[in-house]
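Student: Chains as they are written, first to last, in our numbering: chain A, 144 to 370; chain B, 144 to 370.
FYI, nobody ran anything at the bench for these hints, they're computed from the structure.
As the structure is a prediction and not an experimental result, all values here were calculated from the model.
Check each hint, because a few of them may be wrong.
The list makes no distinction among identical chains, and a pair is therefore deemed to hold if it is satisfied within one copy or across any two copies.
[Unchecked claim] Quick list of in silico lysine-lysine cross-link-like pairs, DSBU-like style, CA-CA up to 30 Å:
| id | residue 1 | residue 2 |
| --- | --- | --- |
| 1 | K334 | K204 |
| 2 | K223 | K260 |
| 3 | K227 | K215 |
| 4 | K227 | K204 |
| 5 | K204 | K239 |
| 6 | K244 | K223 |
| 7 | K223 | K255 |
| 8 | K209 | K244 |
Protein chains: 2
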Amino acid sequence: MKALIFDLDGTLVDTVYAHVLAFQLAFAESGIPIEAWRIHRHIGMSGDLLTQAVTRDSGLKASPQKLEAIEKCHGKLLHKLLPKPQPLPGAVQLLKDLRRKGILHGIATSGKPAEMKLALQDLHLSKDIVVINRKDAPLAKPEPDLFLECQKRLGVPPQECYAVGDAIWDLLAARRAGMLSLAVLTGGYSKDELIAAGAYRVFDNAEDLLGHLGELGLTPKQNARTS
Amino acid sequence: MKALIFDLDGTLVDTVYAHVLAFQLAFAESGIPIEAWRIHRHIGMSGDLLTQAVTRDSGLKASPQKLEAIEKCHGKLLHKLLPKPQPLPGAVQLLKDLRRKGILHGIATSGKPAEMKLALQDLHLSKDIVVINRKDAPLAKPEPDLFLECQKRLGVPPQECYAVGDAIWDLLAARRAGMLSLAVLTGGYSKDELIAAGAYRVFDNAEDLLGHLGELGLTPKQNARTS
Numbered sequence: 144m145k146a147l148i149f150d151l152d153g154t155l156v157d158t159v160y161a162h163v164l165a166f167q168l169a170f171a172e173s174g175i176p177i178e179a180w181r182i183h184r185h186i187g188m189s190g191d192l193l194t195q196a197v198t199r200d201s202g203l204k205a206s207p208q209k210l211e212a213i214e215k216c217h218g219k220l221l222h223k224l225l226p227k228p229q230p231l232p233g234a235v236q237l238l239k240d241l242r243r244k245g246i247l248h249g250i251a252t253s254g255k256p257a258e259m260k261l262a263l264q265d266l267h268l269s270k271d272i273v274v275i276n277r278k279d280a281p282l283a284k285p286e287p288d289l290f291l292e293c294q295k296r297l298g299v300p301p302q303e304c305y306a307v308g309d310a311i312w313d314l315l316a317a318r319r320a321g322m323l324s325l326a327v328l329t330g331g332y333s334k335d336e337l338i339a340a341g342a343y344r345v346f347d348n349a350e351d352l353l354g355h356l357g358e359l360g361l362t363p364k365q366n367a368r369t370s
Numbered sequence: 144m145k146a147l148i149f150d151l152d153g154t155l156v157d158t159v160y161a162h163v164l165a166f167q168l169a170f171a172e173s174g175i176p177i178e179a180w181r182i183h184r185h186i187g188m189s190g191d192l193l194t195q196a197v198t199r200d201s202g203l204k205a206s207p208q209k210l211e212a213i214e215k216c217h218g219k220l221l222h223k224l225l226p227k228p229q230p231l232p233g234a235v236q237l238l239k240d241l242r243r244k245g246i247l248h249g250i251a252t253s254g255k256p257a258e259m260k261l262a263l264q265d266l267h268l269s270k271d272i273v274v275i276n277r278k279d280a281p282l283a284k285p286e287p288d289l290f291l292e293c294q295k296r297l298g299v300p301p302q303e304c305y306a307v308g309d310a311i312w313d314l315l316a317a318r319r320a321g322m323l324s325l326a327v328l329t330g331g332y333s334k335d336e337l338i339a340a341g342a343y344r345v346f347d348n349a350e351d352l353l354g355h356l357g358e359l360g361l362t363p364k365q366n367a368r369t370s
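Same shape as in the complex, but just chain A (with noise of 0.2 Å):
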């Protein structure tokens, strides 16, 4: 194996439950009262699809113009919710570790540019890191899209990739792109629902996946063999 593909939200930074809080108070602005459990249940898909699909979950319905003001005031409210997102224990470490080894490695995000800009700045992140954003492919997870993405851009071969992510979006893409799946509980999904969707291994967080980084047989780059 020769690369990682991190998703952000839930996986490197702590920014789940303040999304979930911010889209449910964003539809009770516009008179939708959706459960909070409905949509944590849908982070970690893009926000136009997290709103269309627990609209319908939900049994209500909304113009597509409604749906892009929620997400709208989402964004703003997620901000006041959560001015500084806060990396996940390890994550920073785990960054900074594959760098040293050089084992490949990118981010492959539903996000927009904005919100994910405000999510890395506290990575550490070298400058020439690949980060796919919601902007970068035609469709977020689960479809694979974003993944797929991000391992043309590494020059990788998806079987040879890891993608790791909390939400069971990530896992479900990752199994369309082709690549092994490794899960962290940090979204709030258990550990169940995470392998249920086919995670490979599933881990507590950044921290400990750092602690099993030998298990994966992952090679760095300078010792790769030609694929």
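Assemble the complex: chain A is given as a structure, and chain B must be docked to it using the hints.
Tutor: For chain B alone, kept in the frame of chain A given last:
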């Protein structure tokens, strides 16, 4: 079966995600970084047990005084994040239906009186409903004391009561109390976690439970056999 004893937060009102964020921000203000998912998995315990448990789980330490200050700070932040807790779908209707049918029911929450008052306000409860809170029993969930106190006041033996809750702490407390439990997904636990903790049945939310009320063998008070 003669009675239903309801948990409040996450079961009748949609407050779990705001509680999670309020606790996380309160910990952060004290300089203690705690992952949101670890807090989520402890909601349903009383605030004092929760602050102890998540600090220990995160491998961190804090004095009892600091934990008490965090709990107080959480109360203030919760009110800011969610000034008006919303009933979950079907909650008001379910309680109304139980009253109409003469089926005994009460509420048993790990919450403190002030938080509880706010959460109860839009549930349209009858004035004489039995409501047990953290102050009414020596130990909160997962100890059985709150459910047992409620059952005593309702005058129904434990084995003829269902406990209804969203958190594994409710279900574990129900087993200790000798009660069957009905679980709801509205607290953000997965179905697997709830079944593993001993749930007798799992419903999406109060509305779904109401739709299956006829399957639970509940007998109205006036027709109850003497036990």
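Student: Up to 30 Å between alpha-carbons, please classify K223 paired with K255: within, between, both or neither.
Tutor: both (17 Å within a copy, 27 Å between copies)
Student: My question is about K227 and K215: at a cut-off of 30 Å on alpha-carbon distance, are they close within one copy, between copies, both, or neither?
Tutor: both (19 Å within a copy, 23 Å between copies)
Student: Up to 30 Å between alpha-carbons, please classify K209 paired with K244: within, between, both or neither.
Tutor: neither (48 Å within a copy, 40 Å between copies)
Student: How do K227 and K204 come out at 30 Å by Cα distance, when the copy is not named: within, between, both, or neither?
Tutor: between (33 Å within a copy, 24 Å between copies)
Student: Between the shortest in-copy and the shortest cross-copy C-alpha distance, which are at most 30 Å for K334 and K204: within, between, both, or neither?
Tutor: between (32 Å within a copy, 27 Å between copies)
Student: Checking an output row: K223 and K260, CA cutoff 30 Å. Within, between, both or neither?
Tutor: Both, since 16 Å and 27 Å are each at most 30 Å.
Student: Please work out whether the CA atoms of K244 and K223 approach to 30 Å or closer within one copy, between two copies, in both situations, or in neither?
Tutor: Neither way: K244 and K223 sit 38 Å apart in one copy and 45 Å across, limit 30 Å.
Student: Could you place K204 and K239 in one of the four classes (within, between, both, neither) given a Cα distance threshold of 30 Å?
Tutor: between (46 Å within a copy, 27 Å between copies)
Checked against the numbered hints given earlier, the structure breaks hints 6, 8 and satisfies all the rest.
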